[in-house]
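Student: Numbering of the sequence shown is given in UniProt numbering, commencing with residue 1 and proceeding in unit increments.
You can trust all of the hints, since none of them are fake.
BS3-like cross-link-like pairs, simulated, lysine-lysine; straight-line CA separation at most 25 Å:
#	residue 1	residue 2
1	LYS223	LYS276
2	LYS99	LYS154
3	LYS198	LYS264
4	LYS264	LYS137
5	LYS147	LYS264
The set of hints was computed from the structure by calculation and includes no laboratory data.
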Amino acid sequence: MIKKISIALFVVVLLSCQSKATKDEIAKLKQETKDQQILIDSLKNFNQGLIGFQDYFKNERETYYLDKDKLLFLLEGTSWFFLNNRKLVQYFFDDFNLKEYDVYRGIENSSVLYPASHDVLDIFDSESSFVVHMVSKIDRSPESLEKLCTPELKEMAYSLLRKNNLYKASGAYAAVKGLLLSYEDIKDDKDFLATIYKIAEKANDVYYYEESNGDFLNAISEKTTDEIRAVLSDENYTTYYENTRSTVDSRLINTYCFWARRSKENNMAFTYSLLKELHENVAHEMVLDDENLALDESNS
1 MIKKISIALF VVVLLSCQSK ATKDEIAKLK QETKDQQILI DSLKNFNQGL
51 IGFQDYFKNE RETYYLDKDK LLFLLEGTSW FFLNNRKLVQ YFFDDFNLKE
101 YDVYRGIENS SVLYPASHDV LDIFDSESSF VVHMVSKIDR SPESLEKLCT
151 PELKEMAYSL LRKNNLYKAS GAYAAVKGLL LSYEDIKDDK DFLATIYKIA
201 EKANDVYYYE ESNGDFLNAI SEKTTDEIRA VLSDENYTTY YENTRSTVDS
251 RLINTYCFWA RRSKENNMAF TYSLLKELHE NVAHEMVLDD ENLALDESNS
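Assemble the whole structure, with the sequences as input and the hints as a guide.
Tutor: Rendered as C-alpha coordinates:
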(Lines of atoms letter the chains of each structure in order from A and count residues from 1; the text may use other names and numbers.)
(Lines give C-alpha, C1' and ligand atoms only; values in the text may rest on other atoms or scores of the structure.)
Protein backbone atom coordinates (compact mmCIF):
# COMPACT_ATOMS: atom_id res chain seq x y z
CA MET A 1 0.00 0.00 0.00
CA ILE A 2 2.78 2.37 0.98
CA LYS A 3 4.55 1.51 -2.25
CA LYS A 4 1.50 2.46 -4.31
CA ILE A 5 1.18 5.75 -2.44
CA SER A 6 4.86 6.53 -3.06
CA ILE A 7 4.48 5.82 -6.76
CA ALA A 8 1.40 8.02 -6.91
CA LEU A 9 3.22 10.88 -5.18
CA PHE A 10 6.17 10.50 -7.55
CA VAL A 11 3.86 10.68 -10.55
CA VAL A 12 2.13 13.78 -9.15
CA VAL A 13 5.46 15.51 -8.51
CA LEU A 14 6.70 14.58 -12.00
CA LEU A 15 3.54 15.90 -13.64
CA SER A 16 3.78 19.04 -11.53
CA CYS A 17 7.34 19.68 -12.73
CA GLN A 18 6.34 19.05 -16.34
CA SER A 19 3.38 21.38 -15.94
CA LYS A 20 5.63 24.18 -14.59
CA ALA A 21 8.16 23.64 -17.37
CA THR A 22 5.37 23.71 -19.93
CA LYS A 23 3.96 26.93 -18.46
CA ASP A 24 7.40 28.57 -18.55
CA GLU A 25 7.85 27.50 -22.15
CA ILE A 26 4.42 28.82 -23.09
CA ALA A 27 5.15 32.13 -21.35
CA LYS A 28 8.47 32.38 -23.18
CA LEU A 29 6.81 31.69 -26.52
CA LYS A 30 4.11 34.29 -25.79
CA GLN A 31 6.80 36.91 -25.01
CA GLU A 32 8.70 36.06 -28.18
CA THR A 33 5.49 36.34 -30.17
CA LYS A 34 4.81 39.72 -28.57
CA ASP A 35 8.35 40.93 -29.35
CA GLN A 36 8.02 39.72 -32.94
CA GLN A 37 4.74 41.59 -33.29
CA ILE A 38 6.34 44.79 -31.98
CA LEU A 39 9.15 44.40 -34.53
CA ILE A 40 6.66 43.74 -37.33
CA ASP A 41 4.63 46.82 -36.36
CA SER A 42 7.82 48.94 -36.29
CA LEU A 43 8.84 47.72 -39.73
CA LYS A 44 5.35 48.46 -41.05
CA ASN A 45 5.55 52.01 -39.69
CA PHE A 46 9.05 52.46 -41.14
CA ASN A 47 7.94 51.20 -44.54
CA GLN A 48 4.95 53.50 -44.41
CA GLY A 49 7.33 56.39 -43.74
CA LEU A 50 9.47 55.40 -46.73
CA ILE A 51 6.38 55.33 -48.92
CA GLY A 52 5.58 58.82 -47.67
CA PHE A 53 9.09 60.05 -48.59
CA GLN A 54 8.80 58.39 -51.99
CA ASP A 55 5.52 60.16 -52.66
CA TYR A 56 7.00 63.47 -51.43
CA PHE A 57 10.05 63.30 -53.69
CA LYS A 58 7.94 62.18 -56.62
CA ASN A 59 5.75 65.23 -56.13
CA GLU A 60 8.83 67.47 -55.75
CA ARG A 61 10.28 66.14 -58.99
CA GLU A 62 7.08 66.67 -60.92
CA THR A 63 5.93 70.00 -59.49
CA TYR A 64 9.07 71.71 -58.16
CA TYR A 65 12.19 70.91 -60.14
CA LEU A 66 10.32 71.19 -63.42
CA ASP A 67 8.61 74.46 -62.52
CA LYS A 68 9.44 76.71 -65.46
CA ASP A 69 9.10 79.88 -63.39
CA LYS A 70 12.00 78.75 -61.23
CA LEU A 71 14.20 78.21 -64.30
CA LEU A 72 13.53 81.47 -66.13
CA PHE A 73 16.89 82.90 -65.05
CA LEU A 74 18.51 80.22 -67.26
CA LEU A 75 16.43 81.12 -70.30
CA GLU A 76 16.84 84.91 -70.38
CA GLY A 77 19.06 86.68 -72.88
CA THR A 78 21.39 87.66 -70.04
CA SER A 79 21.54 84.09 -68.78
CA TRP A 80 24.61 82.39 -67.35
CA PHE A 81 24.78 80.29 -70.51
CA PHE A 82 24.98 83.32 -72.80
CA LEU A 83 27.62 85.56 -71.24
CA ASN A 84 30.68 83.33 -70.72
CA ASN A 85 31.13 84.12 -67.01
CA ARG A 86 30.60 87.89 -67.27
CA LYS A 87 27.38 87.44 -65.36
CA LEU A 88 29.27 85.60 -62.63
CA VAL A 89 31.70 88.52 -62.19
CA GLN A 90 28.82 90.99 -61.94
CA TYR A 91 27.00 88.70 -59.51
CA PHE A 92 30.04 88.60 -57.22
CA PHE A 93 30.25 92.38 -57.15
CA ASP A 94 26.56 92.73 -56.40
CA ASP A 95 26.82 90.01 -53.75
CA PHE A 96 29.74 91.71 -51.97
CA ASN A 97 27.90 95.07 -52.15
CA LEU A 98 31.12 97.08 -52.07
CA LYS A 99 29.18 100.30 -52.58
CA GLU A 100 27.93 99.97 -49.01
CA TYR A 101 30.29 97.60 -47.17
CA ASP A 102 34.04 97.28 -46.89
CA VAL A 103 35.57 94.32 -48.69
CA TYR A 104 35.99 92.07 -45.66
CA ARG A 105 32.44 92.64 -44.48
CA GLY A 106 31.25 92.08 -48.05
CA ILE A 107 33.03 88.72 -48.08
CA GLU A 108 31.66 87.86 -44.64
CA ASN A 109 28.10 88.62 -45.80
CA SER A 110 28.49 86.86 -49.16
CA SER A 111 25.70 84.44 -49.99
CA VAL A 112 28.00 82.85 -52.58
CA LEU A 113 30.99 82.19 -50.32
CA TYR A 114 28.86 81.43 -47.26
CA PRO A 115 25.57 80.13 -48.68
CA ALA A 116 22.40 79.21 -46.83
CA SER A 117 21.75 75.48 -46.51
CA HIS A 118 18.87 75.50 -49.03
CA ASP A 119 21.13 77.11 -51.64
CA VAL A 120 23.55 74.22 -51.23
CA LEU A 121 20.89 71.50 -51.43
CA ASP A 122 18.56 72.79 -54.16
CA ILE A 123 20.53 74.10 -57.14
CA PHE A 124 17.37 74.98 -59.07
CA ASP A 125 15.65 76.74 -56.21
CA SER A 126 16.80 80.20 -57.31
CA GLU A 127 19.47 82.08 -59.18
CA SER A 128 21.57 82.41 -56.02
CA SER A 129 21.53 78.66 -55.43
CA PHE A 130 22.62 78.10 -59.03
CA VAL A 131 25.54 80.50 -58.56
CA VAL A 132 26.58 78.66 -55.39
CA HIS A 133 26.53 75.41 -57.34
CA MET A 134 28.59 76.89 -60.20
CA VAL A 135 31.22 78.34 -57.87
CA SER A 136 31.52 75.06 -55.96
CA LYS A 137 32.35 73.29 -59.24
CA ILE A 138 35.18 75.63 -60.27
CA ASP A 139 38.48 73.82 -60.70
CA ARG A 140 40.98 75.72 -58.52
CA SER A 141 44.08 74.57 -60.40
CA PRO A 142 46.22 77.38 -61.90
CA GLU A 143 45.65 76.03 -65.42
CA SER A 144 41.88 76.09 -65.01
CA LEU A 145 41.81 79.51 -63.31
CA GLU A 146 43.94 80.99 -66.07
CA LYS A 147 41.38 79.85 -68.65
CA LEU A 148 38.55 81.22 -66.51
CA CYS A 149 40.13 84.65 -65.98
CA THR A 150 40.06 85.89 -69.55
CA PRO A 151 41.31 89.38 -70.48
CA GLU A 152 37.68 90.45 -71.00
CA LEU A 153 36.67 89.36 -67.50
CA LYS A 154 39.71 91.00 -65.94
CA GLU A 155 38.96 94.30 -67.65
CA MET A 156 35.35 94.05 -66.51
CA ALA A 157 36.52 93.62 -62.90
CA TYR A 158 38.94 96.55 -63.22
CA SER A 159 36.20 98.76 -64.60
CA LEU A 160 33.82 97.91 -61.77
CA LEU A 161 36.47 98.66 -59.14
CA ARG A 162 37.46 101.98 -60.74
CA LYS A 163 33.92 103.39 -60.56
CA ASN A 164 33.42 106.02 -57.85
CA ASN A 165 36.84 105.22 -56.37
CA LEU A 166 35.35 101.92 -55.19
CA TYR A 167 38.70 100.14 -55.02
CA LYS A 168 40.07 102.56 -52.42
CA ALA A 169 36.84 103.37 -50.57
CA SER A 170 35.81 99.76 -49.96
CA GLY A 171 39.17 98.72 -48.54
CA ALA A 172 39.94 96.49 -51.51
CA TYR A 173 43.05 98.59 -52.21
CA ALA A 174 44.42 98.01 -48.69
CA ALA A 175 43.42 94.34 -48.65
CA VAL A 176 45.09 93.58 -51.99
CA LYS A 177 48.20 95.61 -51.21
CA GLY A 178 48.51 93.83 -47.87
CA LEU A 179 48.34 90.50 -49.69
CA LEU A 180 50.98 91.56 -52.21
CA LEU A 181 53.35 92.86 -49.53
CA SER A 182 53.02 89.72 -47.41
CA TYR A 183 53.52 87.26 -50.27
CA GLU A 184 57.30 87.36 -50.78
CA ASP A 185 58.10 86.55 -47.17
CA ILE A 186 55.83 83.51 -46.92
CA LYS A 187 55.53 82.05 -50.43
CA ASP A 188 58.16 79.36 -49.78
CA ASP A 189 57.50 78.90 -46.06
CA LYS A 190 55.41 75.74 -46.24
CA ASP A 191 55.55 75.11 -42.49
CA PHE A 192 54.19 78.57 -41.70
CA LEU A 193 51.38 78.25 -44.25
CA ALA A 194 50.48 74.78 -42.97
CA THR A 195 50.35 76.12 -39.40
CA ILE A 196 48.01 78.96 -40.38
CA TYR A 197 45.78 76.57 -42.31
CA LYS A 198 45.62 74.20 -39.34
CA ILE A 199 44.60 77.02 -36.98
CA ALA A 200 41.98 78.19 -39.49
CA GLU A 201 40.52 74.69 -39.68
CA LYS A 202 40.28 74.48 -35.88
CA ALA A 203 38.76 77.98 -35.74
CA ASN A 204 35.65 76.58 -37.43
CA ASP A 205 34.89 74.96 -34.08
CA VAL A 206 32.86 77.48 -32.05
CA TYR A 207 34.52 76.24 -28.85
CA TYR A 208 37.97 77.10 -30.21
CA TYR A 209 37.12 80.32 -32.03
CA GLU A 210 38.14 82.77 -29.28
CA GLU A 211 41.34 80.89 -28.52
CA SER A 212 42.24 80.74 -32.21
CA ASN A 213 42.55 84.53 -32.41
CA GLY A 214 45.53 84.45 -30.05
CA ASP A 215 47.05 81.49 -31.88
CA PHE A 216 46.79 83.36 -35.18
CA LEU A 217 48.44 86.50 -33.82
CA ASN A 218 51.27 84.52 -32.24
CA ALA A 219 51.88 82.63 -35.49
CA ILE A 220 51.96 85.72 -37.73
CA SER A 221 53.83 88.05 -35.37
CA GLU A 222 57.25 87.41 -36.93
CA LYS A 223 55.90 87.81 -40.47
CA THR A 224 53.98 91.04 -40.00
CA THR A 225 55.98 94.13 -40.98
CA ASP A 226 55.32 97.74 -40.05
CA GLU A 227 54.57 98.44 -43.72
CA ILE A 228 51.85 95.79 -43.90
CA ARG A 229 50.36 96.94 -40.61
CA ALA A 230 50.32 100.55 -41.85
CA VAL A 231 48.57 99.57 -45.10
CA LEU A 232 45.87 97.71 -43.15
CA SER A 233 45.50 100.39 -40.46
CA ASP A 234 42.12 101.95 -39.78
CA GLU A 235 43.32 105.23 -41.31
CA ASN A 236 44.22 103.62 -44.64
CA TYR A 237 41.72 100.78 -44.85
CA THR A 238 38.29 102.16 -45.78
CA THR A 239 36.01 105.19 -45.76
CA TYR A 240 33.08 103.02 -44.62
CA TYR A 241 34.00 103.31 -40.95
CA GLU A 242 30.41 103.15 -39.74
CA ASN A 243 29.84 99.80 -41.46
CA THR A 244 33.12 97.98 -40.98
CA ARG A 245 33.47 95.22 -38.39
CA SER A 246 37.14 94.47 -38.93
CA THR A 247 40.20 95.56 -36.99
CA VAL A 248 43.87 95.73 -37.90
CA ASP A 249 44.44 92.35 -36.25
CA SER A 250 41.51 90.69 -38.01
CA ARG A 251 42.68 92.08 -41.36
CA LEU A 252 46.18 90.73 -40.75
CA ILE A 253 44.75 87.31 -39.87
CA ASN A 254 42.60 87.34 -43.01
CA THR A 255 45.66 88.20 -45.10
CA TYR A 256 47.68 85.20 -43.98
CA CYS A 257 44.67 82.86 -43.94
CA PHE A 258 44.04 83.83 -47.56
CA TRP A 259 47.53 82.72 -48.57
CA ALA A 260 47.32 79.55 -46.49
CA ARG A 261 44.17 78.53 -48.40
CA ARG A 262 45.76 79.36 -51.76
CA SER A 263 48.78 77.27 -50.79
CA LYS A 264 46.48 74.37 -49.94
CA GLU A 265 44.85 74.72 -53.37
CA ASN A 266 48.27 74.90 -55.08
CA ASN A 267 47.41 78.15 -56.85
CA MET A 268 49.33 80.62 -54.71
CA ALA A 269 51.69 81.93 -57.42
CA PHE A 270 48.88 82.33 -59.96
CA THR A 271 46.71 84.20 -57.45
CA TYR A 272 49.58 86.53 -56.63
CA SER A 273 50.11 87.37 -60.31
CA LEU A 274 46.37 87.95 -60.72
CA LEU A 275 46.19 90.32 -57.73
CA LYS A 276 49.38 92.12 -58.81
CA GLU A 277 47.93 92.72 -62.27
CA LEU A 278 44.66 93.93 -60.77
CA HIS A 279 46.40 96.36 -58.41
CA GLU A 280 48.59 97.79 -61.15
CA ASN A 281 45.65 98.28 -63.51
CA VAL A 282 43.20 99.76 -61.00
CA ALA A 283 45.46 101.66 -58.60
CA HIS A 284 48.18 102.34 -61.21
CA GLU A 285 50.69 101.44 -58.52
CA MET A 286 53.44 98.84 -58.63
CA VAL A 287 54.24 96.78 -55.54
CA LEU A 288 57.86 95.68 -55.74
CA ASP A 289 58.59 91.98 -55.39
CA ASP A 290 61.89 90.07 -55.46
CA GLU A 291 61.94 90.05 -59.27
CA ASN A 292 61.36 93.81 -59.54
CA LEU A 293 63.96 94.53 -56.86
CA ALA A 294 66.53 92.47 -58.76
CA LEU A 295 65.79 94.43 -61.94
CA ASP A 296 66.11 97.75 -60.09
CA GLU A 297 69.47 96.73 -58.65
CA SER A 298 70.77 95.61 -62.05
CA ASN A 299 69.70 98.91 -63.62
CA SER A 300 71.21 101.07 -60.90
